[in-house]
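Since the structure of chain A is provided, determine the placement of chains B, C, D, E and F on it from the hints.
Chains as they are written, first to last, in the working numbering: chain A, 4 to 304; chain B, 4 to 304; chain C, 4 to 304; chain D, 4 to 304; chain E, 4 to 304; chain F, 4 to 304.
Over the 10 Å line for every Cβ pair with chain C, so calculated as not near, a few chain D residues:
#, residue
1, Asn16
2, Ile19
3, His30
4, Tyr60
5, Gly72
6, Ser211
7, Asp230
8, Asp233
9, Thr254
No more than 20 Å apart at the CA atoms, straight line, and that leaves these computed lysine to any residue pairs for SDA-like:
#, chain 1, residue 1, chain 2, residue 2
10, F, Lys81, E, Met100
11, B, Lys125, C, Glu27
12, C, Lys26, B, Thr178
13, A, Lys26, F, Lys26
14, D, Lys125, C, Val138
15, C, Lys31, B, Asn180
16, F, Lys26, B, Asn170
17, A, Lys26, F, Asn180
18, C, Lys26, A, Asn194
19, D, Lys125, C, Gly195
20, C, Lys81, D, Asp96
21, D, Lys81, C, Pro86
22, A, Lys26, E, Asn194
23, C, Lys81, D, Lys81
24, B, Lys125, C, Leu22
25, F, Lys285, A, Ile19
26, C, Lys125, D, Leu169
27, F, Lys26, A, Ile121
28, F, Lys81, E, Glu98
29, F, Lys26, A, Gly123
30, B, Lys31, C, Lys125
31, D, Lys125, C, Ser168
32, E, Lys84, F, Lys81
33, A, Lys125, F, Lys31
34, E, Lys285, D, Glu20
35, F, Lys84, E, Glu98
36, E, Lys26, D, Asp181
37, B, Lys26, C, Tyr24
38, B, Lys26, C, Gly62
39, C, Lys285, B, Pro23
Hints listed in this document are in silico derivations from the structure and should not be mistaken for laboratory results. The beta-carbon is built from N, C-alpha and C at its ideal position, and this holds for glycine as well.
Number of protein chains: 6
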Amino acid sequence: MSEELNNKPNKANLLIEALPYIKEFHHKKIMIKYGGHAMIDEEAMNSTARDTVLLKYVGMEPIVVHGGGPEITRSMNKMGKEPRFIKGLRITDEETMDIVTMVLVGKISTEIVSKIGIHGGKASGISGKDSQLIVASKKAPHRITDEETGEEHEIDLGLVGQIDSLNTEIVQMFTDNDYIPVISPIGVDDNGNTLNLNADTVAGEVASKMNSEKLIILTDVPGVLKDPNDPKSLIKKIKVDEVDDLIKDGTISGGMIPKVETCVKAIEGGVKSAHIIDGRVKHSLLLEIFTTKGIGTMITL
Amino acid sequence: MSEELNNKPNKANLLIEALPYIKEFHHKKIMIKYGGHAMIDEEAMNSTARDTVLLKYVGMEPIVVHGGGPEITRSMNKMGKEPRFIKGLRITDEETMDIVTMVLVGKISTEIVSKIGIHGGKASGISGKDSQLIVASKKAPHRITDEETGEEHEIDLGLVGQIDSLNTEIVQMFTDNDYIPVISPIGVDDNGNTLNLNADTVAGEVASKMNSEKLIILTDVPGVLKDPNDPKSLIKKIKVDEVDDLIKDGTISGGMIPKVETCVKAIEGGVKSAHIIDGRVKHSLLLEIFTTKGIGTMITL
Amino acid sequence: MSEELNNKPNKANLLIEALPYIKEFHHKKIMIKYGGHAMIDEEAMNSTARDTVLLKYVGMEPIVVHGGGPEITRSMNKMGKEPRFIKGLRITDEETMDIVTMVLVGKISTEIVSKIGIHGGKASGISGKDSQLIVASKKAPHRITDEETGEEHEIDLGLVGQIDSLNTEIVQMFTDNDYIPVISPIGVDDNGNTLNLNADTVAGEVASKMNSEKLIILTDVPGVLKDPNDPKSLIKKIKVDEVDDLIKDGTISGGMIPKVETCVKAIEGGVKSAHIIDGRVKHSLLLEIFTTKGIGTMITL
Amino acid sequence: MSEELNNKPNKANLLIEALPYIKEFHHKKIMIKYGGHAMIDEEAMNSTARDTVLLKYVGMEPIVVHGGGPEITRSMNKMGKEPRFIKGLRITDEETMDIVTMVLVGKISTEIVSKIGIHGGKASGISGKDSQLIVASKKAPHRITDEETGEEHEIDLGLVGQIDSLNTEIVQMFTDNDYIPVISPIGVDDNGNTLNLNADTVAGEVASKMNSEKLIILTDVPGVLKDPNDPKSLIKKIKVDEVDDLIKDGTISGGMIPKVETCVKAIEGGVKSAHIIDGRVKHSLLLEIFTTKGIGTMITL
Amino acid sequence: MSEELNNKPNKANLLIEALPYIKEFHHKKIMIKYGGHAMIDEEAMNSTARDTVLLKYVGMEPIVVHGGGPEITRSMNKMGKEPRFIKGLRITDEETMDIVTMVLVGKISTEIVSKIGIHGGKASGISGKDSQLIVASKKAPHRITDEETGEEHEIDLGLVGQIDSLNTEIVQMFTDNDYIPVISPIGVDDNGNTLNLNADTVAGEVASKMNSEKLIILTDVPGVLKDPNDPKSLIKKIKVDEVDDLIKDGTISGGMIPKVETCVKAIEGGVKSAHIIDGRVKHSLLLEIFTTKGIGTMITL
Amino acid sequence: MSEELNNKPNKANLLIEALPYIKEFHHKKIMIKYGGHAMIDEEAMNSTARDTVLLKYVGMEPIVVHGGGPEITRSMNKMGKEPRFIKGLRITDEETMDIVTMVLVGKISTEIVSKIGIHGGKASGISGKDSQLIVASKKAPHRITDEETGEEHEIDLGLVGQIDSLNTEIVQMFTDNDYIPVISPIGVDDNGNTLNLNADTVAGEVASKMNSEKLIILTDVPGVLKDPNDPKSLIKKIKVDEVDDLIKDGTISGGMIPKVETCVKAIEGGVKSAHIIDGRVKHSLLLEIFTTKGIGTMITL
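Excised from the complex, chain A in its bound form (with noise of 0.2 Å):
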């Protein structure tokens, strides 16, 4: 028998080894957080689109959200207008929020849905704003100790929005026609005013609201690290109720504390499984899905 068929089969086997986990998420819905290296560019916007595809295909309900920071920052360099930030949170004012809009649903959403389509998935792009998908509330302004003095003043972050409900009605809609929404992280207030919302969170809560099985937010770390400086420390497994210790010891700290908390609370607001993965190893989406061990860390109940 030719070498080349001898090699065939390690193909479909890998193909039944993927049968369990194909059937164990038939049908369920995949909430998907983009963020960091997976949108970095063309090529890895196009690998995890591809992912996505995959996963649409053999039968699961991916439903993506996404972030876009860095490309806010360079357009807002680019009209002139300096970024600033308190304790990782973008101050919004009016100027800044048409810009947010602008690149979150205008450049990165229609791009993401482009690539899908080029794979071959049907998406179609959808802010909070649509049908009132996210309704949200200015969050309070944020207070401050001057460290010298002593004194306390507020600082008011503009138009930064909570989540008070979600409509989900729009992304059922989606799902149910075989559809792969794309969602952008922006809210509207009872007034149609516009509302920057945390795009880990708005993942979080649609996760919960439609009852997701999983929540995979893809980052640009390994995971949680018991030694931040080693990337072999990975923890693979965590309780949900082990997060307050962790955070507490250290080992949870700074950008992964509210990353690891929209975990906890998508999970108890019924998602299975909550996992932060490498977005920088290639197909980290479709390891962490159809491998045992997976590659990221998984938090559950």
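This is chains B, C, D, E and F only, laid out in the frame that chain A set:
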């Protein structure tokens, strides 16, 4: 009987007067091209959105296509990018195309969606890239004859496209589920590139493909005028086979020519009537639909 | 701008004014009891039917119950049969019941159906006998005390019934298929006998069973009046728990008592509001539904 | 084995014998024209209704059209109105039309509906006015030649109509929802006027439009007889192309001519077979459908 | 009137007599256990199948479970394999199980399906292995006390199973699509092994799970007899709470005990009535369902 | 990065490589003829079943037809019945037909159904007798010329049939409800007799009738070979119009002729491609579908 009571019947009478129009257009698709004054400011957009929602509530199925030239030019200026036109067509390099998309999809469309939401309608924005709604290809370069030398040369318009085919399944999904789709006039080519399209043309072609009853183009003129300087010289009705003569004798001229040609093509494609109306008149949409005479120019077979 | 154009916006404005009401009652069932002046002649019936069709076209689901006392009396006279009443209830022997049925089902209902058809609605007449819509039983005899002797005796009302149960499946089938059902107030007992029913009561009970939003009773008075001789003394709103006092102090008296009691029972059965309005005012139905103040008396929880 | 047991198998055998007919007509529409003896009294109506319900329960879709001449005449007499006929057609002035409608829709139809209900069927009465079921126009006046003078004059039949078109959507809605529709033979003209129609004709035309399998006309004769004085001379089967000869040679004569012509027209309109049967024979409907020989005259292609 | 006509009404009368039963069991599921004489030969099977098809055509939803002991024994003999039983249960080694499956699924079921097809029904055979319809597990070994020594030993029954759970989705799919499912009484365990099941038990449990109206067991005795030697001593009705006493006093004994217990369990599981009838009587199925007295023993709450 | 991680991307890459095939055959019917080695033992059947389930889970609609010659012969031997063949066709007397049915339907089909169930698919066995799926008639006797005498005589093949018509409604019901139908190749004639059919033929004809995308025949050879003794001489692709020449020149010979002819007929009946593949190669089904070159012979238009 009190004066109040005496007045009230007038109101009810007006509703009753509207009944024949409501009946005639029940469950009929009405394609509305938003443009010009109708989108000029907060108040105008609110008014147009409110009228559109009313159409929905009395049983029609409005579909919106919007333009956005002035806003695009404004944004380009802000970004220090000089807009260039040739015969009314915007020369669109990649950077310009990015700005066009961001403004159309990310700014104008989300605003219209938001306004419709405020007035009680369910809207969702889609661009021609969503599930390959509008497949387009690059227009041939423009040929120009140097008046002095008589030499011909070509000017490449860049990413300006012409419509090749439409996949209106997504638009149908929206109207079937009681949504008002808001379409941004950009297309996607076979390689996933974005192309800039003429909004009137998009409105006309989608209207044909969706078997719309009416195509209504909101402009900043009263309609087709016999004497362009006399707004009272409005031509109320034009038959499709009269159009050629009206162009030849100069009655239809300038920017009105492509608009009328779009109307003619739509009617030949099955739309029952096309209307060019004055978006500056308050509630022009309702007046055109709900009064016998209408307020603009109606083109029919 | 021409005078004509100046006037037109008023018309559109009125449609826009109606929008909030249209939205509020979209897909809501509106039970309308036709009676009195609203059915008095060709013109009145046409007007009432046209208003009913309008409600249908702007998205409500009207259901009609009609009375017919005067017409029955007229037909009985024609046939040389003397009508007899006791406390407002028609004493109904078999021959009378035949006439009642023929007039209600065969004359009044077909006329209403016909008028609704002329104005573009799809209507169909049903009686309480159609697929056992209204199962009823004979009312107990009326007890009367002879004022002179103090003796009590009973007067048998004949085939006058009270409602035992409703099978509204057929009504639902009609509204689900965009028909306006027109219900004649006769019932059927367990042996298949026909029974004469009070039309207001039928309207109220069917409204409750069908989860109607509104019960509107068309009468020949402006509503509940503080001073029965002063039509300007109309009470616009009555709370259900104010009704007892208004009956005790005589404000609600005579024939108005059972009407108000029907309204109260309907509201307790889940109907949101009940309205007693003046069918003599043109378009009273529309004025009550589409204006803030309404024109009659509204009863609510 | 007991005598009782010995007898029982006969019963079961009969059910088994009926099986081929049940299968053949499963889900087939059977149009039944009620007339003559079958409606003559309480007992006859009960029997006819019970048979109709049986057809429904064994899977057929019966549709009923009823006549009512004798009852109309009786009611007219009661009201002191003299009935007048010309060549079998009732001259119908407006007052007569009112009586006709009241009797057909208000009396006969409600009684049939009631009887079907008692026997466990769901019925609902409709007339040709319900949602424009039967659109008709006035018949041309009758021309009569004075036998003495040879002069011709016209006699206006009044509100006697001929069918122009049918909107059977409502009938379909009923059969689709397991109702037995009971149709009264009156029509509506373009101005909403009621017109008196021949019940046989209505049955035939609705049967064609609804793609009925059978048209069964209940009469007071055994069927078409070779010798009108000998009930044993029944012709069991007639081919459509034999009809002309049978009329010419006088076998089919008098009131039988229009009945047979209605049958022929129905068959030409797609009905598989038409049956003229004797409503005086108990269960004639079942005997015609469930026995090989039938009991009346069957007309086929 | 001819003699023929005189006879015919009897036939129609019988259909009319059946009407109340037809109505009562319309759209009701009727579980029929085929066994004994009813399957003994070509003619008997034809008769049973024809009766089953009749039930389907008059609106019921029959489901068939069949046994097959004698046929299995015959086939085993043919293959030179000696059948062994212990207390009525077939000791089932692997080879025997193969034969059991082949006979039940491959011979008896296909024959029943074929017979139903010939008589105009749509049938399809399923076993408990189809889409895991019947999940079962091996029965515990039988304990036997040696009468002489008083020693206990166990006898392994082999592949004899008891039902653990049912997935009746496939049965529902068949009845919803107008098929008559024919179920062979074998089950599947968690490892995919086939297990031999008692057909009466399968019939009873599927009847409960499917909310059947009736469970009818065809046997070779008239039903439960007071005096087993006197077929006229049939007990027509037994209440569930009388069963214990009847077993204690020996009225119900031997092979009748498990049958009656299956009936009791089915009734406790929601089946309205269970019937043990004599398959040797022609049309016993119809006689039991369509006559007031029935022909066998009916067990109810 | 760990070695493990290095390997993983290969796995994901293979899934991604499969994507175009998954997309191409999404919701397409794939007819698979099980035969030969693929059914030879427990392990082979498990493997084939698992592959079939995978096809289902990645969105295809597999339909299975199985053969069973060797098993039938084995069972006949066990029962002391000598199998006889003429030109590859089994001479089938009634007793043989009984054994054939028992083995195909009762043994092989239930085993396949069971195996598919174990691997997570929902399967159900049907034979050509289920709701008259395959209506067949007896084949004409075989004519044989005595080589010595030159005399012709006929040999009756017994109950060997040819397909007359297919009622695939039941197959469609299964695929519509996400079941994998497993079809046994027996047919039913007009009298309800069972007929033995060629499994390849059944697969081909059902594939055509069901508009299958592919017909895949599992055999025990690599496909069509140029040199029958050299498995490396496989012909990968054959056009339908090349078949005649390949038969004439002896490339296609013996038992391969009817297989190829079945493929040709299927393609002429609308199947897009037919494949003869080697069931001895592990996962041959997946390799044929999911690799560009495939592993067997593909026949197309």
